[in-house]
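Visitor: Please build the complete structure, drawing on both the sequences and the hints.
Those protein sequence lines, which keep their order, are chains A and B. For the first sequence, counting from 1, position 217 maps to 216 in numbering that gives the first Met the number 0; every step adds exactly one. For the second sequence, counting from 1, position 52 maps to 51 in numbering that gives the first Met the number 0; every step adds exactly one.
In case anyone wonders, no lab produced these hints; they're calculated from the structure. As the structure is a computational prediction, the values presented were derived from the model and not from experiment. Treat the hints with care, since some could be wrong.
As the list claims (entries may be wrong) - Here are the simulated lysine-lysine pairs, DSS-like style, with alpha carbons at most 30 Å apart: (1) A:Lys181 to B:Lys256; (2) B:Lys114 to B:Lys157; (3) B:Lys114 to A:Lys212; (4) B:Lys181 to A:Lys232; (5) A:Lys61 to A:Lys16.
Number of protein chains: 2
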Amino acid sequence: MQNLELKSYKLENFKLKSGKVVSLNLSYLAFGNLNKDKSNVILYPTRYAGTHLEQGYLINDKYPINPKDFFIIIPNMFCNGVSSSPSNSPKNIQGPNFPLITILDNVRAQKTLLKKVFEIESLKLVIGWSMGGQQAMQWASYYSNCVENMISMCGHAKTTDHTYVFLEGVYAALTSDPQWNKGNYEEQPNNGKTTMARVWAGWAHGQDWFREKKYIEDGYKNADELLDKLWNKIYYHRDANDLLAMIRTWQEHDISKNDLFQNDFSKSLQSISAKTILMPGKNDLYFPPEDNEIELNDISNGELRVIPSSYGHYAGAGKSKEDLDFINRAIADLIS
Amino acid sequence: MQNLELKSYKLENFKLKSGKVVSLNLSYLAFGNLNKDKSNVILYPTRYAGTHLEQGYLINDKYPINPKDFFIIIPNMFCNGVSSSPSNSPKNIQGPNFPLITILDNVRAQKTLLKKVFEIESLKLVIGWSMGGQQAMQWASYYSNCVENMISMCGHAKTTDHTYVFLEGVYAALTSDPQWNKGNYEEQPNNGKTTMARVWAGWAHGQDWFREKKYIEDGYKNADELLDKLWNKIYYHRDANDLLAMIRTWQEHDISKNDLFQNDFSKSLQSISAKTILMPGKNDLYFPPEDNEIELNDISNGELRVIPSSYGHYAGAGKSKEDLDFINRAIADLIS
Chain A
0 MQNLELKSYK LENFKLKSGK VVSLNLSYLA FGNLNKDKSN VILYPTRYAG
50 THLEQGYLIN DKYPINPKDF FIIIPNMFCN GVSSSPSNSP KNIQGPNFPL
100 ITILDNVRAQ KTLLKKVFEI ESLKLVIGWS MGGQQAMQWA SYYSNCVENM
150 ISMCGHAKTT DHTYVFLEGV YAALTSDPQW NKGNYEEQPN NGKTTMARVW
200 AGWAHGQDWF REKKYIEDGY KNADELLDKL WNKIYYHRDA NDLLAMIRTW
250 QEHDISKNDL FQNDFSKSLQ SISAKTILMP GKNDLYFPPE DNEIELNDIS
300 NGELRVIPSS YGHYAGAGKS KEDLDFINRA IADLIS
Chain B
0 MQNLELKSYK LENFKLKSGK VVSLNLSYLA FGNLNKDKSN VILYPTRYAG
50 THLEQGYLIN DKYPINPKDF FIIIPNMFCN GVSSSPSNSP KNIQGPNFPL
100 ITILDNVRAQ KTLLKKVFEI ESLKLVIGWS MGGQQAMQWA SYYSNCVENM
150 ISMCGHAKTT DHTYVFLEGV YAALTSDPQW NKGNYEEQPN NGKTTMARVW
200 AGWAHGQDWF REKKYIEDGY KNADELLDKL WNKIYYHRDA NDLLAMIRTW
250 QEHDISKNDL FQNDFSKSLQ SISAKTILMP GKNDLYFPPE DNEIELNDIS
300 NGELRVIPSS YGHYAGAGKS KEDLDFINRA IADLIS
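Guide: This is the structure we're talking about:
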């Protein structure tokens, strides 16, 4: 991903779901081979606190997502510090003044990009992990006619109350730092980021991962070393307001909260016509399989494939060869 | 519990597992009818951030734990603000200077109390929920000849790495408050307690409870109201150093970390001769059933009864009639 040219599309006077009108930059990678009828497009949005740089694990000449055969677009989610975000915006929408962005706002912006820059009308596949998986589900529902196949890895169609509360906890942890100053900080509130990270650690890995002492495989002697070496500074290179804005995007997520579905959650799921695979991790604490299972009651062409992984939420990140193979098999079943 | 006389036993020069020697007060309730051969004693230790006042839900003339038939002793766990704690100790061991207390320290103090005050040598039943359940397991292992029956509700024989990390998160949340000042506060760091509470909320209830919207049954419209009305101030009446000290007790827990078992975890479990029921809640995020299941491989006379409850960790708190009935059935099976 590092060697590809990052491009940016300017959305002028873009109307957000909240009604606010703003100009936003959508940064993206686009690469691979676009065929003549533009029927081989894969859209692969980013996750919480991630960027295009961390999406490479599913892209490879030997994998089903193969740039020789497909045209791949990786849009950076708003507020991730690459696309328009609290940290990189003009003064009027800077920092704590940045507007709330929803998953649907992201998806609508991506749709505009595809249309205006590439004249692409439909997707062979939309796929994502975590908040990327939320965007995939929003795409397949809101633009159901445009999506042929959809994979949501560790993602839900609606943020559950439990996840909302978990996110309130990490939000409270970051904002506990007096240096945060309601978002008007002079220097990054890094102590707050460490607090947030130490809270997040237990949620991210899940019980199985610890029980099987996977941290040793990952190079950490024990839980303390894991926290100190992996977690404490994990968010230091991200801006605090960006991190908080993405939490609000996540909490707000519900594919039915829009003009089209008017909060009718079943209807928003029933609209999904794409061939769908929902792939939760078996021990994902914030996207547990049970919620995907309930969603599938309303998805006519959908299938549940629980990733039999000990990696908790990271099941969808392909951290082990087994997980990666499992994910690639599902992708191949849809597009190969 | 409110009407019973709280008594206190002074342990002079009590040697802690750490080697430190301190004088400690062990506060307790003792009530019911002690029979002649003192064979009808039930020991029922307290939980994290709880006291004798919250133990009443399993005690009733119509329940198996019936004061007419049994002699019931409820010892307050050290650091809970009633027995010796950072908040109520003489200057030399006050606040942040209070020594680390282990579950075994609690259990050894309780054993001394039983012997010295009541000349009680053995227990008909030791039972507890959460950290009370940890104490029950430590009793049945360390004093295996003295325990006839044991029930651990939502408790493990050893704090798992995952729970250790979850606890590091809540510890970080409380201590993020600058007013905490490494334990040398002038006024309670209540902002830190709120941060900790908001982090704890997702862990305590679990996903099922939210999915089934049990918060509505409990009188809260939505997740925000639950956090604001139930959680925000839930720890305000506890002392911050007490709360932190109990976290350290919890993290340190391992029934094999002592002179008798020398870190041989299997051996410490194998020593349990009591008729044992381990009762995790099916969706308890910090005491998941899987770990009890593993423990039972080494307990010869033990049984797993997963409380089929949506109450997460509160499964053992008897919040619903079904949960309470389930727990009482198990108690009756052992002692009635």
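Visitor: Tell me if the straight-line CA distance from Lys114 of chain B to Lys157 of chain B falls inside 30 Å.
Guide: Holds, at roughly 27 Å.
Visitor: Assess, step by step, whether the Cα of Lys61 of chain A is no farther than 30 Å from the Cα of Lys16 of chain A, and give holds or violated.
Guide: Distance ~40 Å between Lys61 of chain A and Lys16 of chain A Cα, so the pair is violated.
Visitor: Does Lys181 of chain A pair with Lys256 of chain B here, judged by a C-alpha cut-off of 30 Å?
Guide: Given that 30 Å is the threshold and the Cα spacing comes to 45 Å, the pair is violated.
Visitor: Given the hinted pair Lys114 of chain B and Lys212 of chain A, is their Cα-Cα distance within 30 Å?
Guide: Roughly 41 Å separates the two Cα atoms, so the pair is violated.
Visitor: When you check the alpha-carbon spacing of Lys181 of chain B and Lys232 of chain A, does it fall within 30 Å?
Guide: Cα-Cα ~21 Å, so holds.
Checked against the numbered hints given earlier, this structure breaks hints 1, 3, 5; the rest are met.
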